[in-house]
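Read off the chains here:
Protein chains: 2
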Amino acid sequence: MKRTILFSALLAACSMTASATTPDGTVASTVIPEAQYPRVLPDGKAMFSIFAPEAKDVKIDICGRKYDMTRSPEGNWTVTTDPLVVGFHYYFAVVDGVGVIDPSSEAYYGCGRMSGGIEIPEAETEAAYYTFDPKVPHGQVRECQYFSARENAPRRCFVYTPAEYETKTDKRYPVLYLQHGMGEDERGWHQQGMMANILDNQIAAGKCEPMIVVMDYGNCGYIHGARKGEKRDDFGASFTPILLEEIIPYIDSTFRTKTDRDNRAMAGLSWGGHQTLQTTLYNLDRFAHIGSFSGALFFDPNKIREIYGGVFADAGAFNKRVKTLFLGIGSEENFGTEKISAALTQAGIDNTLYVSPGTHHEWLTWRRCLNQFLPLIFK
Amino acid sequence: MKRTILFSALLAACSMTASATTPDGTVASTVIPEAQYPRVLPDGKAMFSIFAPEAKDVKIDICGRKYDMTRSPEGNWTVTTDPLVVGFHYYFAVVDGVGVIDPSSEAYYGCGRMSGGIEIPEAETEAAYYTFDPKVPHGQVRECQYFSARENAPRRCFVYTPAEYETKTDKRYPVLYLQHGMGEDERGWHQQGMMANILDNQIAAGKCEPMIVVMDYGNCGYIHGARKGEKRDDFGASFTPILLEEIIPYIDSTFRTKTDRDNRAMAGLSWGGHQTLQTTLYNLDRFAHIGSFSGALFFDPNKIREIYGGVFADAGAFNKRVKTLFLGIGSEENFGTEKISAALTQAGIDNTLYVSPGTHHEWLTWRRCLNQFLPLIFK
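Taken in sequence, the protein lines are chains A and B. The first sequence begins at 1 in the numbering used here and counts up by one. The second sequence begins at 1001 in the numbering used here and counts up by one.
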């Protein structure tokens, strides 16, 4: 058999994309193997390159702006952006009006669909807490399938177990339920959020308790705002009973968990923050630690005593019962989180406010929030 | 805060894609949440729909053929294909000449990049062995990061552990190292190959031994055929020492494995089949079970006694040493596997040939091969 024929056969179903090599910048950490673009320059500008000889217009849509690309005579389209904010950004190539994943990019579930992504790196010292460290023991992220009677279908969750879980086979662990945002899914915290590295590094340094982290799908991973027949106010509300009646029992029967409320936390980002408060504040018999990262919180600071079934009306009782109430936000967001925290404080409710300097409604804010939240819980 | 403003903020970085609903066929199992296309008709035809009002030409590239799509006045492009072969197919939307992932599709690593994919379902009875069964216990697929000194970088593998691994904490398990093909990566066997369902179902039925399955990156996941400075003959050859010196020791020190050769198998599909023979036949002190699924095998059947360092020269010794030698192939491929099997048999080498009826060089062939291979090993 001729080797060239075989290679052709192996690739029969596959299209190819050309990619050029230039000495500029560093290839982004978010590309597929051997891709040479996108690249990141030291000042945070990103260079994109897409081979599209037949297209008449190609743009890069990133950080709320569309950049026109320039065509070379051979049909290679390139552009260098303005300096971008550090952290992880979803982005799309727009080919003659169609938003698509840059063929050089890894794919990430965000924006209610698979999306391109690029990491604009921070300084190494800033990024250390979410960077893989060869010197520390590494936990595992386990993909688990289980059957949901409520949905009459299999569901999937990801479960982080700390490195020592493999060897300390008599030890039981507290559990954090950690939710993604709107338009995202159960992959986000591990893939974009770097949660495994954050946990590994904190556990190794003794900064947080070794714990199990469960990441499931919040039923809010599409961007049209609601399923057919679902009111906008109910968006993702179907998740709470699935969590309480199916996921928690599944986790507690499959893993060596501590099952009391003091050892159960829930946190989420953006819409997942909304879901976290909706879930935990009505079920404080199940949760003692609560985190909202850039939470989509709709409550009126003037009605603190009435909202969530009046749970904040008796501050003394609340503070005794809830061990952690954490509110995080990026400084460049405008979600009103600081006002909510201040109103809670004024009403006597113990809470921790964290403002991430210089970051937007994006994953770098949420990595930092997780990093701040972990040391507070299960103490 | 106005809810509408918040929703806008949440979606600021995201483009949207319109999708229409029709009563035709069934939405493919391989779409993102809430997508209505692609759909599969009972006769195996697939219907695609892409909203691209500004594009001048949109095609679907699937199963070696490009289908022209037709534009509606609103700019929605649709096409219905001819009946497609059952099983999983990579595919691309071609927008004005650029091959991209259909915005409605989940993304799969294949073709050396992230690709679209569609499952053309078999009859339920045919598909049962790789379908999630709520009635059987389910194993887990663990994503593990480890540091490779050879590559001076973190690497990732996926490790299937059977359901009973969680409870039989004194039991040790045999290990199958299972490789993807060229242009694919360590995700393929789990995501496209349905390996967890196959294992769960076989273990529950007592058809195969409970085992650990390790899926790592074969360093052949890009489609240009070789890394810079790498000869085509060496493509992916860097994987063998990583497997022997780093992955196997990592697995044996992290999981409760049986570490003798009788309890270690290796199998791979396509280029992974080539890598499997290259790895195992020169290291029979480490492996006793060998599987090649549509293997890219380059040996001359007339030189059986000479190839692989003469390992086949002494058939008696080989048959005593190698407990399983399995060669699988799809009936619609033309890889010469039957001739190789016949030549081996003629040379006195025990081997099992499996020909998958009606399937091509695609994942349905490899799911079937795995299903045939598993009951043979570790007995």
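Among the hints, erroneous ones may be present.
Claimed, not checked - For lysine-lysine, the following DSSO-like pairs were computed, each having C-alpha atoms within a straight-line distance of at most 27 Å:
1) B:Lys1045 - A:Lys258
2) B:Lys1168 - A:Lys171
3) A:Lys379 - A:Lys323
4) A:Lys168 - B:Lys1045
Said to hold, decoys possible - Restraint ranges, calculated between C-beta atoms of paired labels, are given here:
5) B:Pro1137 - A:Asp24: 36 to 46 Å
6) B:Asp1285 - A:Arg172: 32 to 42 Å
7) B:Glu1338 - A:Gln36: 20 to 30 Å
8) B:Gly1206 - A:Phe147: 18 to 28 Å
9) A:Phe147 - B:Thr1026: 38 to 48 Å
10) A:Asp57 - B:Gly1206: 34 to 44 Å
11) A:Glu54 - B:Ala1317: 38 to 48 Å
12) A:Glu338 - B:Glu1151: 38 to 48 Å
13) A:Ser331 - B:Gly1044: 48 to 58 Å
No lab work stands behind these hints, which were simulated from the structure alone. In this text, a Cβ means the ideal position worked out from N, Cα and C, and glycines have one as well.
Going down the list of hints, with the structure as the test:
For the hint pairing lysine 1045 of chain B with lysine 258 of chain A, the CA-to-CA distance comes to about 50 Å; that exceeds 27 Å, so the pair is violated. This hinted pair checks out: lysine 1168 of chain B and lysine 171 of chain A have alpha carbons roughly 15 Å apart, not beyond 27 Å. Using a Cα cut-off of 27 Å, the hinted pair lysine 379 of chain A and lysine 323 of chain A holds, with the two alpha carbons roughly 9 Å apart. Taking the CA atoms of lysine 168 of chain A and lysine 1045 of chain B, the gap is near 53 Å; set against the 27 Å cutoff, the hint is violated.
At roughly 53 Å, the beta carbons of proline 1137 of chain B and aspartate 24 of chain A sit outside the given window of 36 to 46 Å. Remark: the range hint 32 to 42 Å for aspartate 1285 of chain B to arginine 172 of chain A is upheld by a beta-carbon distance near 41 Å. Take glutamate 1338 of chain B and glutamine 36 of chain A: their Cβ atoms lie about 41 Å apart, and the range 20 to 30 Å is violated. With their beta carbons about 21 Å apart, glycine 1206 of chain B and phenylalanine 147 of chain A fall inside the hinted range of 18 to 28 Å.
For the hinted restraint 38 to 48 Å between phenylalanine 147 of chain A and threonine 1026 of chain B, the CB-CB distance of approximately 21 Å leaves it violated. Between aspartate 57 of chain A and glycine 1206 of chain B the beta carbon distance is about 60 Å. The supplied range of 34 to 44 Å is therefore violated. Range check, glutamate 54 of chain A to alanine 1317 of chain B: about 59 Å between beta-carbon atoms, so the 38 to 48 Å window is missed. Against the hinted window of 38 to 48 Å, the Cβ-Cβ separation of glutamate 338 of chain A and glutamate 1151 of chain B comes to about 45 Å, which satisfies the hint.
In this structure, serine 331 of chain A and glycine 1044 of chain B meet the distance hint of 48 to 58 Å, their C-beta atoms being roughly 54 Å apart.
Violated hints, in rising order: 1, 4, 5, 7, 9, 10 and 11; the structure is consistent with all others.
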